[in-house]
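From just these sequences and the hints, can you work out the full model?
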Amino acid sequence: MSKSATRDPAWARWSLILLALAFLGLFLVLPLVTVLVEAFAKGWAGYVKALSSDDTGSSIRLTLMVAAITVPLNIVFGLAASWTIAKFDFAGKSLLVSLIELPFSVSPVISGLIYVLLFGLQGLLGPWVAEHDTRIIFAVPGITLATLFVTFPFVARELIPLMEEQGREEEEAALTLGASGLLTFWLVTVPNVRWGLLYGVLLCNARAMGEFGAVSVVSGHIRGLTNTMPLHVEILYNEYDFVGAFAVASLLALLALVTLAAKSTLEWWNRGEIAASGP
Amino acid sequence: MIEVEDVSKHFGNFTALDRVSMRVSQGKLVALLGPSGSGKTTLLRILAGLEQPDEGRIRLGGVDATGLGTRDRRVGFVFQHYALFRHMSVAENIAFGLKVRKGSERPSKEVISERVHTLLELVQLEGLAGRFPSQLSGGQRQRVALARALAVEPRLLLLDEPFGALDAQVRKDLRRWLRHLHDEMGLTGVFVTHDQEEALEVADEVVVMNKGRIEQIGTPSEIYDSPATPFVYRFLGNVNALPCNVQGGQAQVNGLHIGEGRVDGGGTAFVRPHDVEILELSPDLPQAKIRQVIVLGPVVRAELELPGGLVVEAELSRDQKDKLNLRRGQEVSVFLRKAKVFVGEGA
Amino acid sequence: MTAASLPLLRRTRVASSVIPGFGPTLGFTLLYLSLIVLLPLAALLIKAAGTTFAQWGAILTDPRVLSALSLSFGGAVVAALINAVFGLLVAWVLVRYSFPGRKLVDAFVDLPFALPTAVAGIALTALYSPRGWIGSLLEPLGIKVAFTPAGVVVAMVFIGLPFVVRTVEPVLHDVDLELEEAAASLGADRLQTFLRVILPAIGPSLLTGFSLALARAVGEYGSVIFIAGNLPGISEIAPLLIVTKLEQYDYVGATAIAAVMLAISFVLLLAVNLLQKWRRARMGG
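Chains as they are written, first to last, in our numbering: chain W, 1 to 279; chain Z, 280 to 626; chain Y, 627 to 911.
Honestly, the hints are just simulated from the structure, not real lab data.
There could be a bad hint or two in this list.
As the list claims (entries may be wrong) - Ranges of calculated distance between the beta carbons of each label pair, as one might list FRET restraints:
1) Thr345(Z) x Thr265(W): 44 to 50 angstroms
2) Pro726(Y) x Arg455(Z): 52 to 58 angstroms
3) Tyr723(Y) x Gln122(W): 53 to 59 angstroms
4) Ser315(Z) x Ala889(Y): 56 to 62 angstroms
Claimed, not checked - SDA-like, lysine to any residue: derived pairs with alpha carbons at most 20 angstroms apart:
5) Lys729(Y) x Leu266(W)
6) Lys378(Z) x Ala827(Y)
7) Lys617(Z) x Glu582(Z)
8) Lys602(Z) x Val574(Z)
9) Lys381(Z) x Leu821(Y)
10) Lys903(Y) x Leu95(W)
11) Lys381(Z) x Glu371(Z)
12) Lys93(W) x Gly647(Y)
13) Lys378(Z) x Gln818(Y)
14) Lys378(Z) x Leu825(Y)
15) Lys93(W) x Leu657(Y)
16) Lys378(Z) x Arg822(Y)
17) Lys903(Y) x Arg365(Z)
18) Lys378(Z) x Leu817(Y)
19) Lys903(Y) x Phe364(Z)
20) Lys93(W) x Ser660(Y)
21) Lys903(Y) x Met367(Z)
22) Lys93(W) x Asn899(Y)
23) Lys42(W) x Trp759(Y)
24) Lys378(Z) x Phe820(Y)
25) Lys93(W) x Phe648(Y)
The beta-carbon is built from N, C-alpha and C at its ideal position, and this holds for glycine as well.
Rendered as structure tokens:
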């Protein structure tokens with residue numbers, strides 16, 4: 001429909017579009033292109049060689065493992081938290097919602113720091129950890145915990161508004177029809193929020209695999225043992241192995257692109273079923 | 280004076296206006312009446328310059344305004360949902376049109392504040408100048424929207440469903456008030472409505488629209504008493520639409536003579552319920568049987584079944600009903616005081 | 627157990643819902659929240675509380691700490707301002723105009739959310755270093771971006787952009803076209819309509835986007851440290867200083883800087899919230 005009174009003249013329209021595209025090209029597209037160009041600076045052979053080192057392989061395995069632990073845990077938490085918050089009324093609810101979003105406003109470095117302060121040798125629980133002959137900081141458990149912290153809100157904050165919007169009637173109907181609580185949850189609640197859940201999982205996973213600051217603080221950077229992919233990128237880069245750094249980075253960039261594509265597909269197919277996108 | 284000449288407007292495949300022509304004389308208040316999708320709002324928006332017609336011309340005060348944008352038409356437009364600026368107070372809303380004027384055309388601050396004050400008085404909202412739209416009732420918002428439109432001293436006031444979003448009582452009060460205001464200010468005004476009662480009560484002239492065309496233009500009594508088309512008959516007020524047959528200029532419904540038709544053929548006879556008279560059973564007149572009697576306050580509505588099963592609705596006063604002692608199943612005679620016959624398509 | 631006591635008991639525990647599972651899910655939520663979020667954050671508070679007055683004084687007057695904090699906050703403010711302008715432009719173009727590839731561009735705006743910060747960091751560094759595509763264009767002009775505070779701002783703009791676009795976009799989408807038509811019918815031109823009608827309507831969301839971008843940029847680490855060059859006192863950001871202190875086993879220093887950062891961010895967000903609240907109250911919701 002032509003709303004002539006609210007249409008901007010063509011010259012204004014196109015200059016604004018071009019300006020916006022130029023800005024996005026400069027800040028988003030060019031960095032992405034750079035990653036690929038640098039990764040292939042020594043051709044396909046150099047790229048493959050960079051990716052086939054043992055340390056790269058172990059960093060990929062560690063990243064996948066950390067994601068495989070943190071994402072399911074955050075799904076369980078997200079479902080429990082959103083169920084509690086959306087289906088029941090209780091005092092302190094809005095405080096709980098704010099606390100769940102808290103990790104978003106904490107610097108990644110501080111997210112790592114707090115675990116060092118808790119479990120590190122000088123930390124509050126440090127002596128207790130040492131007594132039990134385990135390591136948390138500078139080891140895989142610390143990396144997992146720090147990743148859990150930074151990815152903590154993703155699933156929950158996606159599901160809470162969605163479940164709140166859907167109300168309680170369908171669950172109540174299922175209960176009057178004789179379904180048990182658990183059955184109601186699986187047959188009514190989860191299918192209703194499945195796209196939002198998937199969306200939250202996508203974002204959660206992207207962050208879990210890509211987290212740098214928090215993990216960097218607790219990792220100790222032990223090659224082959226406590227280096228995730230982003231940390232490995234840093235090490236290679238600082239050793240002036242640019243092709244290696246960008247080759248590993250290209251895998252992470254690919255992950256980002258797949259995440260974006262899946263996210264957009266979900267959004268276009270399920271308008272209205274997914275709450276506003278977040279970080 | 281507004282002149283609309285052969286204006287057409289399409290949205291994709293949909294024809295919103297199909298070669299519409301009309302004129303509105305200076306100082307008149309005109310209603311564009313029709314069902315949704317009839318093109319009335321599109322016509323109003325074209326008058327305002329919010330849309331441009333695909334074909335045809337618009338003249339305002341004798342000057343061609345067809346290509347002119349909204350900003351340059353000096354029309355006041357009152358939107359259906361008021362479109363008040365939420366972040367501005369009532370006074371700021373009203374002053375907006377004066378504040379955005381350029382250079383020497385912009386009145387001084389004192390003049391603006393005085394004008395705002397005068398308008399607030401006019402719309403009876405003194406004391407609410409500092410309020411924000413969210414703190415006003417629907418009727419108050421409506422009056423702010425009107426004051427805002429009047430602030431720029433428009434030569435033409437356009438209102439889109441001005442009472443549509445209000446509840447019944449406020450609606451009635453505002454209608455009378457608008458009529459009064461219009462008489463006082465002598466503005467030319469056009470408003471869109473789908474409510475026939477509103478159009479008949481407020482307007483000097485009513486333009487009945489249907490499917491992008493004008494069906495009839497006339498004063499409220501002309502429109503109501505002598506509808507030009509079957510559509511106008513059906514759209515305005517209650518009416519009995521009886522299938523009839525015209526032969527030799529005489530129209531018959533189930534063998535009963537009902538009136539005259541100009542052309543022979545099948546058609547429809549329209550009879551208003553208050554033109555159906557119920558009499559005591561008499562051999563000279565067609566007979567009917569009372570199917571139902573409903574008392575609606577001072578008015579009584581009766582359903583009559585004519586021989587052959589045709590059902591006709593009649594309206595009569597409480598007195599008449601008591602006099603005839605009407606009850607269900609009673610046999611009576613009917614007389615159709617006035618009927619209009621349309622023959623052919625659309626009838 | 628009597629029948630009469632049961633409803634009383636239930637009402638005090640669970641607020642009138644027939645849906646089961648309140649106890650277990652709330653319990654799990656609180657336990658998990660406490661273990662993963664609250665307990666570690668408490669460790670920070672306890673550590674900060676155990677810091678003596680003299681230690682605080684020494685840390686907060688250290689010029690290196692002060693310059694790192696002011697770079698993190700100052701750079702974040704500049705970056706958030708740039709993002710407010712260009713984020714609004716991008717949102718406007720995406721909502722108001724149709725052009726080929728619009729949906730693709732829309733999807734691409736989220737790249738900084740999805741791209742690991744380390745990847746963004748090395749890519750931006752490669753671009754803006756004196757031998758990079760952009761850096762080599764700027765060098766003849768005497769402009770250095772990489773390894774200067776300007777580089778810090780560039781990285782902060784990158785990671786903050788989607789916050790502004792994504793908060794403004796839906797609100798801009800919902801701005802009633804009638805408002806703009808009303809402004810036009812009252813004689814306002816497009817620029818006046820934008821400045822006086824549209825901008826105030828989307829103002830709160832722009833402020834929210836600005837503060838989200840700001841909060842993110844203040845704490846940002848991965849994308850900044852590569853391009854910053856990390857010269858103490860010049861291009862060293864506060865999160866990096868925390869890491870440096872940790873590597874030197876200066877837990878007190880690291881904790882103090884972290885506590886100050888959290889406190890300033892908290893005050894900033896609180897101020898923004900109060901401003902929004904005041905605005906809503908003034909306009910009567």
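Structure-based check of each hint:
{"no.": "1", "hint": "Thr345(Z) x Thr265(W): 44 to 50 angstroms", "verdict": "46 angstroms, holds"}
{"no.": "2", "hint": "Pro726(Y) x Arg455(Z): 52 to 58 angstroms", "verdict": "55 angstroms, holds"}
{"no.": "3", "hint": "Tyr723(Y) x Gln122(W): 53 to 59 angstroms", "verdict": "57 angstroms, holds"}
{"no.": "4", "hint": "Ser315(Z) x Ala889(Y): 56 to 62 angstroms", "verdict": "58 angstroms, holds"}
{"no.": "5", "hint": "Lys729(Y) x Leu266(W)", "verdict": "13 angstroms, holds"}
{"no.": "6", "hint": "Lys378(Z) x Ala827(Y)", "verdict": "18 angstroms, holds"}
{"no.": "7", "hint": "Lys617(Z) x Glu582(Z)", "verdict": "18 angstroms, holds"}
{"no.": "8", "hint": "Lys602(Z) x Val574(Z)", "verdict": "14 angstroms, holds"}
{"no.": "9", "hint": "Lys381(Z) x Leu821(Y)", "verdict": "15 angstroms, holds"}
{"no.": "10", "hint": "Lys903(Y) x Leu95(W)", "verdict": "17 angstroms, holds"}
{"no.": "11", "hint": "Lys381(Z) x Glu371(Z)", "verdict": "17 angstroms, holds"}
{"no.": "12", "hint": "Lys93(W) x Gly647(Y)", "verdict": "16 angstroms, holds"}
{"no.": "13", "hint": "Lys378(Z) x Gln818(Y)", "verdict": "10 angstroms, holds"}
{"no.": "14", "hint": "Lys378(Z) x Leu825(Y)", "verdict": "17 angstroms, holds"}
{"no.": "15", "hint": "Lys93(W) x Leu657(Y)", "verdict": "15 angstroms, holds"}
{"no.": "16", "hint": "Lys378(Z) x Arg822(Y)", "verdict": "10 angstroms, holds"}
{"no.": "17", "hint": "Lys903(Y) x Arg365(Z)", "verdict": "15 angstroms, holds"}
{"no.": "18", "hint": "Lys378(Z) x Leu817(Y)", "verdict": "14 angstroms, holds"}
{"no.": "19", "hint": "Lys903(Y) x Phe364(Z)", "verdict": "19 angstroms, holds"}
{"no.": "20", "hint": "Lys93(W) x Ser660(Y)", "verdict": "15 angstroms, holds"}
{"no.": "21", "hint": "Lys903(Y) x Met367(Z)", "verdict": "17 angstroms, holds"}
{"no.": "22", "hint": "Lys93(W) x Asn899(Y)", "verdict": "19 angstroms, holds"}
{"no.": "23", "hint": "Lys42(W) x Trp759(Y)", "verdict": "18 angstroms, holds"}
{"no.": "24", "hint": "Lys378(Z) x Phe820(Y)", "verdict": "14 angstroms, holds"}
{"no.": "25", "hint": "Lys93(W) x Phe648(Y)", "verdict": "13 angstroms, holds"}
Of the numbered hints stated above, none is contradicted by the structure.
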